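Start from chain A and add chain B with the ligand according to the hints.
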Amino acid sequence: MGETSVNFAKASTTALQDPQLRANFRRAMDGLMSKRAVQFADSREWNAVRALGASVRLRALSKLPELLEKLEANCTRNGIRVHWASTTDEANAIVLSIMQRVNAKLVVKGKSMVSEEMHLNAFLEQHGIESLESDLGEYIVQLDEAMPSHIIMPAIHMNTKQIAHLFKQKIKDAEYTEDVAQLTDLARRILRKKFAAADVGISGVNMAVAETGTLCLVENEGNGRMSTTVPPVHIAVMGLEKVVEKLEDVPPVISLLTRSATAQPITTYVNMISSPRKDGEKDGPREIHLVILDNGRSAIYADEELRNTLRCIRCGACMNHCPVYTKVGGHAYEAPYPGPIGSILVPQMEGLGKRGELPHACTMCNACVEICPVKIPIVEIMGRLRAEAVHPGDAVKGAGARASKAEAMVWKGWSMTYASPLAYRFATGLLAKLGNAAPTSLPLLKEWTNVRAKPRFARRTLHDLAREKGIPDV
Amino acid sequence: MSEARPTDSRNAILGKLRAGRDAHPLTPPESDFTVLRDKRWAPSERLDRIKTMMEAVHTEFLETTEADWPTAVQDFLKAQGTRTLLYGTATEAGQRIAAAWADGGPDLVPYDGPVETFKERLFDGIDAGITTTLGAIADTGSLIVWPTPEEPRLMSLVPHMHVALLHADQLYDTFWQAMTENRWADGMPTNALLISGPSKTADIEQTLAYGVHGPKRLVVVVIR
Ligand code: SF4
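Quick note, the sequences are listed as chains A and B, same order.
Number 387 in the numbering used here belongs to position 383 of the first sequence; there are no gaps in the numbering.
Number 347 in the numbering used here belongs to position 164 of the second sequence; there are no gaps in the numbering.
Hint data in this document are derived by calculation from the structure and do not stem from the laboratory.
Remember, predicted model here, so these are calculated numbers, not experimental data.
Possibly wrong hints are sitting among the right ones.
Sample of chain B residues at the chain A side, in silico, Cβ under 8 Å [as the list claims (entries may be wrong)]:
(1) Arg201
(2) His207
(3) Glu228
(4) Arg229
(5) Leu340
(6) Ala368
List time: in silico EDC-like cross-link candidates among lysine to aspartate or glutamate, alpha-carbon distance up to 16 Å [unchecked claim]:
(7) B/Lys199 x A/Asp398
(8) B/Lys199 x A/Glu308
(9) B/Lys199 x A/Glu70
(10) A/Lys67 x B/Glu364
(11) A/Lys250 x B/Glu299
(12) A/Lys165 x B/Glu364
(13) A/Lys250 x B/Glu388
(14) A/Lys250 x B/Glu213
Think of the CB as a built atom: it goes at the ideal place given N, C-alpha and C, for glycine as much as any other residue.
Just chain A, same shape as in the assembly (with noise of 0.2 Å):
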């Protein structure tokens, strides 16, 4: 396989194993997905603001250049700087430079998935620069040295017993308490201090208007303005598929990504950002950086099929509608972003090389096609990525890392047994003679038998029991 490949299977089975995780995966997707199911129970309403969200999705990708530009422009017009990265490694030390040109020694984070993706917390540390989540779930975590399982809400493989024990081990002074409000306000102390020493505010973005050169960001906690407001610079990454055409595309999607998300008519905050402090006013960052990353998403636009990933908003439905996300947790997937969309996502930025294996977590049941607030046809991109997994080719990164020897001669055989009535009947009449006798520990069928019970053959081939009856072969 080249690349070490990340084992998702071995993860999977340990995270399977603990009935901690598995209640409160359990508990967290129930609830999720029954009150979303309320927010959108006006099914001609969901269809036709499905369908208008979708078309502006298609829309900012059918003019993607044009409006990267344009936004370019708008912003750099507004006072916003805006930088390019090709790869993590380029946005991130875009990053580090503007934090070393202004002396920045603490940087407090909304909450960012791109962030996540480029590992930005830690190269910071390493660059002496502390950089500390502000989001509550995203500070649970940071705390406990984990990653987000989830991409709306980060810690929510833990219960508040387990936060409390954190809190209490790792914040000094901190009392065991397993009260959430008591929870909430010590983390809020502590915090306020830190949003107004900070030297630099790190933000995502939820949506990039070309048209007016406006970045828009949504929250419940107030985090991200904190984030976006209080510190005299802020630094926005976001992903180059994030953009939209006109102002007005704003709305029927911000509808759509609080209802998906967490079942809320709206976020307590909208925040949308055109501009640094101008002469005259009183509060705001003085300087505002956009950070625009591409990391494998233009290879992804150049396939006519895989582009529709780039629709994505990130509202996270797919994960908590998901019959394997909801079991085996975000952690198992070991990628910034889990589910169904990370399991056509990731593969295609880290290459089937090493990522191979997320497009098979997947039963293909299309629950996470169904409620995809923008259409997204994520089970027909996970067979797609299946296929190009054994073929080799250009269209993914990777492409033919999985193809194996022995899977090729297996469907060859298959296909030419298929291919010859006498072929077939041989085969089908030795399986029924022979096929109980076979150990469960042969190399293919190990795969399946170790989890499951072999099939049992029966004695006779339904041709046999056919013709007995009197039909004939054809």
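Frame of chain A, contents of chain B with the ligand only:
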């Protein structure tokens, strides 16, 4: 780590995108905004809906009149034990407050210098902040707030309580309607906000807690 020259990355990215798109152009479906255009409430229903939705996320409402609102606000804050109120001196609302403020109420604190001169006090010594709004949205129960030099951004964020003035005749049906009718796209301010309740989180086991980083309380003063 090699740092590519920024313009190289820019041109490489845009070049790849252009080549990819031109090889396989994409025709998007029409964007039909009817679903938003048709979302309407009778004028008499709008405020009720806003109240119901915002109260569901712990927003408090105070009903008053154009003539009485400064006194009503002061009485309310006094009753809450509020010690300090941050306000903008240069707005019409600010001037009304200053003129009507009686002794014994919360101390008025003007936001009259750049935040750098004032950060410690702002984060540590202010109980409440009062701002105007540009109206509210019935669909989602949201206030429209555009901070200005007179009413800076942090007034509605840092103090523990945010008091927001809402004129009962400035109500919209949807966010889309508010932005298209008022032609926001012609000129966005430094920062435009929708605020739909006090700050909240559900990051600890899906349990709602209010007042995580922003205000713990949001009080909407409805002026008729
Ligand atoms: S793929 Fe669809 S459902 Fe999943 S996160 Fe993206 S937009 Fe949401």
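Violated hints - listed by number, lowest first: 3, 4, 10, 11, 12, 13
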